[in-house]
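Taken in sequence, the protein lines are chains F and Z. For the first sequence, numbering that gives the first Met the number 0 gives the first residue as 0, with consecutive numbering after it. For the second sequence, numbering that gives the first Met the number 0 gives the first residue as 0, with consecutive numbering after it.
Honestly, the hints are just simulated from the structure, not real lab data. Any given hint could be a false lead.
Using 30 Å as the maximum straight-line C-alpha spacing, the simulated BS3-like pairs for lysine-lysine come out as follows [to be verified]:
| no. | chain 1 | residue 1 | chain 2 | residue 2 |
| --- | --- | --- | --- | --- |
| 1 | Z | 445 | Z | 106 |
| 2 | Z | 187 | F | 221 |
| 3 | F | 187 | F | 221 |
| 4 | Z | 179 | Z | 166 |
| 5 | Z | 366 | Z | 500 |
| 6 | F | 394 | F | 65 |
| 7 | Z | 492 | Z | 366 |
| 8 | Z | 340 | Z | 524 |
| 9 | Z | 492 | Z | 524 |
| 10 | F | 353 | Z | 339 |
| 11 | Z | 179 | F | 221 |
| 12 | F | 353 | F | 157 |
| 13 | Z | 179 | Z | 281 |
| 14 | Z | 433 | Z | 106 |
| 15 | Z | 106 | Z | 366 |
| 16 | Z | 433 | F | 104 |
| 17 | F | 256 | Z | 281 |
| 18 | Z | 445 | Z | 433 |
| 19 | Z | 210 | Z | 187 |
| 20 | F | 256 | Z | 106 |
| 21 | F | 320 | Z | 340 |
| 22 | F | 394 | F | 187 |
| 23 | F | 256 | Z | 187 |
| 24 | Z | 166 | Z | 281 |
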Amino acid sequence: MTHRLSRRTFLAGAHGTAVALPFLEIMMSRRAYAQGGVGPTRYFVAFGGTAIGADGSAGNNVVPVKAGVGYDLPLGLSQLGGKTADASWAWDSVQNDFSVVSGLKIPWDGAPGGRVTKFHASSAGPLLCGVRGTGDAPDCLGPSSDQLVADALGAKEKLRFPSLNYRVQLERYNGAYARIKGYMSFRKGAGGNVEPNTPIVSPRVAYNQLFEGFTAPSTDPKQTDARALLLEQNRSVLDVVSEGGRRLLTRLGTADKQRLQRHFDELRELERRLGQVPNQAASMLCRQLQDPGVDPATQSVKQEHRPGSPVGYAGEVERAKLMVDLVHMAFTCNLTRVATLLISFPMSFMSVEKIMGRAVDLHDLGHGGGNTGDVARAYGWHVGLVAQLADKLKKTPEGSGNLLDRSVLVLVTEAGFGFDPEQGAQNNTHSTENMVALVGGRAGGLKPGKHVVATGRHPASVLISAMTAAGAPTNTLGDITGGVSELSI
Amino acid sequence: MNRSLSVMATAACFALGCTGVIGGDNAARAPGGPNGAKTGPAGSPGSGNGVGGGGLPGGSAATGPGGAATGPGAGSGVSAEVPSDPRAFGGSGLRRLSRQEFRDTVKDLLGVDLIADIDLLTQDATSTFFDNDYTAQVASPALVEGLKAVGERIAAKVVADPALRSKLVGCTPTGADDVKCLRAFIAKFGGRAFRRPLAADEVERFMPLQKFATRDGNFYTAVGLIVRTVLQELEFLYRVEVGTPVPGMNSVFRLNGYELAARLSYFLWGTTPSDEMLDAAKTGLENPADVRALATTMLANPRAAARIARLHAMWLNYDRLPHAPDLAASMYIESDELVKKVLLTNRSSWTNLFLSAETFLDDRLAKHYGMPSPGAAASWVDYGSNERRGLLSHGSVLSNGIKFGDTSPVQRGVWVRNRLVCEDIPSPAELGIKANADAPPPAATKDACKSERYRVHRTDPACAGCHRLMDPVGMGLERYDEAGRLRTTEPGKPACPIDGKGEFAGGADSFTFSGPGQLGDVLLKSGKLAPCFVTNFYRFAVGRRDRPEDADAIKALAARFAQGGRHRFDELVLDFVAAPPFRHRSPE
Numbered sequence: 000m001t002h003r004l005s006r007r008t009f010l011a012g013a014h015g016t017a018v019a020l021p022f023l024e025i026m027m028s029r030r031a032y033a034q035g036g037v038g039p040t041r042y043f044v045a046f047g048g049t050a051i052g053a054d055g056s057a058g059n060n061v062v063p064v065k066a067g068v069g070y071d072l073p074l075g076l077s078q079l080g081g082k083t084a085d086a087s088w089a090w091d092s093v094q095n096d097f098s099v100v101s102g103l104k105i106p107w108d109g110a111p112g113g114r115v116t117k118f119h120a121s122s123a124g125p126l127l128c129g130v131r132g133t134g135d136a137p138d139c140l141g142p143s144s145d146q147l148v149a150d151a152l153g154a155k156e157k158l159r160f161p162s163l164n165y166r167v168q169l170e171r172y173n174g175a176y177a178r179i180k181g182y183m184s185f186r187k188g189a190g191g192n193v194e195p196n197t198p199i200v201s202p203r204v205a206y207n208q209l210f211e212g213f214t215a216p217s218t219d220p221k222q223t224d225a226r227a228l229l230l231e232q233n234r235s236v237l238d239v240v241s242e243g244g245r246r247l248l249t250r251l252g253t254a255d256k257q258r259l260q261r262h263f264d265e266l267r268e269l270e271r272r273l274g275q276v277p278n279q280a281a282s283m284l285c286r287q288l289q290d291p292g293v294d295p296a297t298q299s300v301k302q303e304h305r306p307g308s309p310v311g312y313a314g315e316v317e318r319a320k321l322m323v324d325l326v327h328m329a330f331t332c333n334l335t336r337v338a339t340l341l342i343s344f345p346m347s348f349m350s351v352e353k354i355m356g357r358a359v360d361l362h363d364l365g366h367g368g369g370n371t372g373d374v375a376r377a378y379g380w381h382v383g384l385v386a387q388l389a390d391k392l393k394k395t396p397e398g399s400g401n402l403l404d405r406s407v408l409v410l411v412t413e414a415g416f417g418f419d420p421e422q423g424a425q426n427n428t429h430s431t432e433n434m435v436a437l438v439g440g441r442a443g444g445l446k447p448g449k450h451v452v453a454t455g456r457h458p459a460s461v462l463i464s465a466m467t468a469a470g471a472p473t474n475t476l477g478d479i480t481g482g483v484s485e486l487s488i
Numbered sequence: 000m001n002r003s004l005s006v007m008a009t010a011a012c013f014a015l016g017c018t019g020v021i022g023g024d025n026a027a028r029a030p031g032g033p034n035g036a037k038t039g040p041a042g043s044p045g046s047g048n049g050v051g052g053g054g055l056p057g058g059s060a061a062t063g064p065g066g067a068a069t070g071p072g073a074g075s076g077v078s079a080e081v082p083s084d085p086r087a088f089g090g091s092g093l094r095r096l097s098r099q100e101f102r103d104t105v106k107d108l109l110g111v112d113l114i115a116d117i118d119l120l121t122q123d124a125t126s127t128f129f130d131n132d133y134t135a136q137v138a139s140p141a142l143v144e145g146l147k148a149v150g151e152r153i154a155a156k157v158v159a160d161p162a163l164r165s166k167l168v169g170c171t172p173t174g175a176d177d178v179k180c181l182r183a184f185i186a187k188f189g190g191r192a193f194r195r196p197l198a199a200d201e202v203e204r205f206m207p208l209q210k211f212a213t214r215d216g217n218f219y220t221a222v223g224l225i226v227r228t229v230l231q232e233l234e235f236l237y238r239v240e241v242g243t244p245v246p247g248m249n250s251v252f253r254l255n256g257y258e259l260a261a262r263l264s265y266f267l268w269g270t271t272p273s274d275e276m277l278d279a280a281k282t283g284l285e286n287p288a289d290v291r292a293l294a295t296t297m298l299a300n301p302r303a304a305a306r307i308a309r310l311h312a313m314w315l316n317y318d319r320l321p322h323a324p325d326l327a328a329s330m331y332i333e334s335d336e337l338v339k340k341v342l343l344t345n346r347s348s349w350t351n352l353f354l355s356a357e358t359f360l361d362d363r364l365a366k367h368y369g370m371p372s373p374g375a376a377a378s379w380v381d382y383g384s385n386e387r388r389g390l391l392s393h394g395s396v397l398s399n400g401i402k403f404g405d406t407s408p409v410q411r412g413v414w415v416r417n418r419l420v421c422e423d424i425p426s427p428a429e430l431g432i433k434a435n436a437d438a439p440p441p442a443a444t445k446d447a448c449k450s451e452r453y454r455v456h457r458t459d460p461a462c463a464g465c466h467r468l469m470d471p472v473g474m475g476l477e478r479y480d481e482a483g484r485l486r487t488t489e490p491g492k493p494a495c496p497i498d499g500k501g502e503f504a505g506g507a508d509s510f511t512f513s514g515p516g517q518l519g520d521v522l523l524k525s526g527k528l529a530p531c532f533v534t535n536f537y538r539f540a541v542g543r544r545d546r547p548e549d550a551d552a553i554k555a556l557a558a559r560f561a562q563g564g565r566h567r568f569d570e571l572v573l574d575f576v577a578a579p580p581f582r583h584r585s586p587e
């Protein structure tokens, strides 16, 4: 592809909109990368609400037997080796682009960054943020790694989105009253409180958000005009909405004003985004994806409020594919540097019917609803999504290399397998022993392709290494200090 | 009273054992006690406030609100007068339309049903059983992006439909730049959407959008943009209540007629006030009699029937059933028809919901239950000599408490405690008890019957304290499977008969029962069911969990509800809306 985009073509395409034009990444980066410069990094964390084994059975089908380079691929990791069965959803092996870290452990004995002994309500927080939680909910009491990376990278450049937070599993599987809300990204808010970033669950909304007013390098002036008009209309609509909000705020008392201010601020933020010159294409492969249409299969779900039972399938497999495509394109187009994907909730009641071929939910699968192999297959579905993203990034050239060279991808899951201190039982899924993390990409000197046995180390250490590689050098995440240095050796 | 009952449930939990095993991180926190009654900062995510002590994700744990239960036998010494203090219904705040309210409002305003597009909006967070908890509403990028997307879809549908758009606009434009017609449309549509007339300068706010119509020569371009705008306006999305200060009372405001009409409308219909209501708001609604009269009219509207059916469906958790769509539809209809008939058509005692000897069946559901078919058309069928009676015998309700692919006596017991009598059961983890509530009780042998497997909950003293409150309740429903079908042996185990005998232990009394019909009777006799309903009715009405400051009002409403054994739902509603606090607000 030898597309050339000059400053002049862009100005012509922008339809005379009087906006100061930033020095486009696309024009700068190609030169810089061609000279061997280090491109911007991308940081991606995915979470799955699964364990690696099944209650009562010894062993697992996820951790490779062989340590070091050239590790074997048990059933749970087989998707790293590529998948070709479904032509529309195939990818090549990315095994050499991923390291597997096993033997990780979140302590429960009161150690810093440990967890309260209430498994589902306490594990994800320390896992993602390195901070012990309350035991009431798996939420983080400190910022999550993705937000720390977003802060660090965002200080250097202002992108369309500081970060993107997506979720695959629909909320309706889980009790609407449960304290598990499906958050994995947490930031420090204005008042110093740690707040969750509500993820976008609808691919359609995510699509609109990404591509609104977006002008990928295009040679079709008609299309450019139509988009420019749409953008202008959207801005005008938001102008009126904001003005209405401003007027309303003056009529309200203190408490109501506070309640409304948050919504008003979000509107302003939306306005700000639409006001930006959106074209920041880093790669000529940046393109507007096809409109995803109505969200997949969400209508088949007939249950909303009841945890604990298999329910109608809500299109997660299809939705996940769309989300992976969106993250890939957001990275390709430099719309953001940081993305998170919550694939399944902590304590996930998501139907895995489509994956397992029978009506069962992910949670029950580990608790007697399936054997070790079944759990590995469900775990493997999560792996496949990250592998697919890696494959897409690898096939996206940037500078002298590809996007995966400049990325860090991490997959962590809620549970490992082993001792459950609540029951005093071994071979249990309610365990934060023997946790596994996958780390993909080559940004910041990562040297993937090996199985690192990190016995007893905290999984947040993996994120510390990942953050450092992504350009947010740090030795701590929450209460945890020190990374997994083997990942860069 | 709120607290005492919760503590009682906890005490009962401990009565049989748990000695020496209580420990761990949260042992000091009495489940459902002080914590359960505490209300937290609005919408603080995951703080756990507002969910009863048992709500931990420990599997079998209770997830319902609790701790604010109203006690048995509303009566003794409690005033049954309608609360007259304008502050009696506690503090209130701005309420955003729930997803369902948004959908119904859009349908009423624009004639467009969102159907699948509703999934563009973020789901309603809540700390109650209902989807309208404003304290859990927090705006996010996902919300504003979703509202924007949904506004675009709706506007596109309206503009593309000549009949729809001409009805909406109400005047025939002379051209794309017809200023007069556009102003008239804004005043009409904006007034409906904001639930109050717009001032002239407010109409002008939208006029700049006409330039896009002029530019492409199409008047309706501006109409579409205005629809999109209004649907994202904060005053549309939030029910604004300002009112006027009440002289001599600190921080109490009397709602104006429009604000009151919107309160009534979203309470009883779940949607925007009709034109007639807005007209009434302009001139009247000055005194309780006006409000009572309007509410009486509203209750006769099918919207009220749908809203009240949904109130019960959310309360008892059958608003989304895990069954095939056609079967689920038959079940929804069965339950909704009973609610409608008992509460609105017959205006008989609300307790008949749990005692009714007849039910509304279609052929499919009759076959499903193994009952005589009503024929081609659905109709009322007598239960006759079978033991089914009332709502608890419906497949909809019996779909609750399913785990490990089968009915769970524990889960059903928890469901009854939480939903029907407003009691919390703490999770094992919360009590520091080593147990895995996420796994079925262990089986000694492969062929062990379920009743045998659940025996450990009674024999292990660490478990028995709480489980005696749950398992025997669920065991009394065991003859009804996860879709409400009768069975006499365990699925796949013909050698395991189910006796279906249950016990509801509570306070000083203990009641034995067999089957869902008798359970309803027993719960009514315990004196806990109706007050618990009133508590949930209140949560639904005020859009949040109840707080200590609400306790007296709830007590009075419950006492009034029970007075003379009447239990008339329509009277409860009318008393509630005609009470002075309904037309006032006190800021939080």
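Consistency of the hints with the structure:
1. Z/445 / Z/106: Given pair residue 445 of chain Z, residue 106 of chain Z is violated - Cα atoms ~55 Å apart, limit 30 Å.
2. Z/187 / F/221: 37 Å, violated
3. F/187 / F/221: Given that 30 Å is the threshold and the Cα spacing comes to 43 Å, the pair is violated.
4. Z/179 / Z/166: Answer holds: residue 179 of chain Z to residue 166 of chain Z is near 17 Å, not above 30 Å.
5. Z/366 / Z/500: 25 Å, holds
6. F/394 / F/65: 28 Å, holds
7. Z/492 / Z/366: Distance ~23 Å between residue 492 of chain Z and residue 366 of chain Z Cα, so the pair holds.
8. Z/340 / Z/524: At roughly 23 Å apart (the allowed maximum being 30 Å), residue 524 of chain Z and residue 340 of chain Z satisfy the hint.
9. Z/492 / Z/524: 35 Å, violated
10. F/353 / Z/339: 39 Å, violated
11. Z/179 / F/221: The given pair, whose Cα atoms are some 33 Å apart, is violated under the 30 Å limit.
12. F/353 / F/157: Outside the cut-off at roughly 40 Å; violated.
13. Z/179 / Z/281: This hinted pair holds, its Cα atoms lying about 24 Å apart.
14. Z/433 / Z/106: 51 Å, violated
15. Z/106 / Z/366: Distance of about 36 Å is beyond 30 Å: violated.
16. Z/433 / F/104: It holds: about 20 Å lies between the C-alpha atoms, which stays within 30 Å.
17. F/256 / Z/281: With Cα atoms ~26 Å apart, residue 256 of chain F and residue 281 of chain Z stay inside 30 Å; holds.
18. Z/445 / Z/433: Distance of about 24 Å is within 30 Å: holds.
19. Z/210 / Z/187: 20 Å, holds
20. F/256 / Z/106: Judged against 30 Å, a Cα distance of about 29 Å means the pair holds.
21. F/320 / Z/340: 47 Å, violated
22. F/394 / F/187: 35 Å, violated
23. F/256 / Z/187: Distance ~27 Å between residue 256 of chain F and residue 187 of chain Z Cα, so the pair holds.
24. Z/166 / Z/281: With a Cα-Cα distance of about 23 Å, the restraint between residue 166 of chain Z and residue 281 of chain Z holds, given a limit of 30 Å.
In the structure shown, a violation is registered for the earlier hints numbered 1, 2, 3, 9, 10, 11, 12, 14, 15, 21 and 22, in ascending order.
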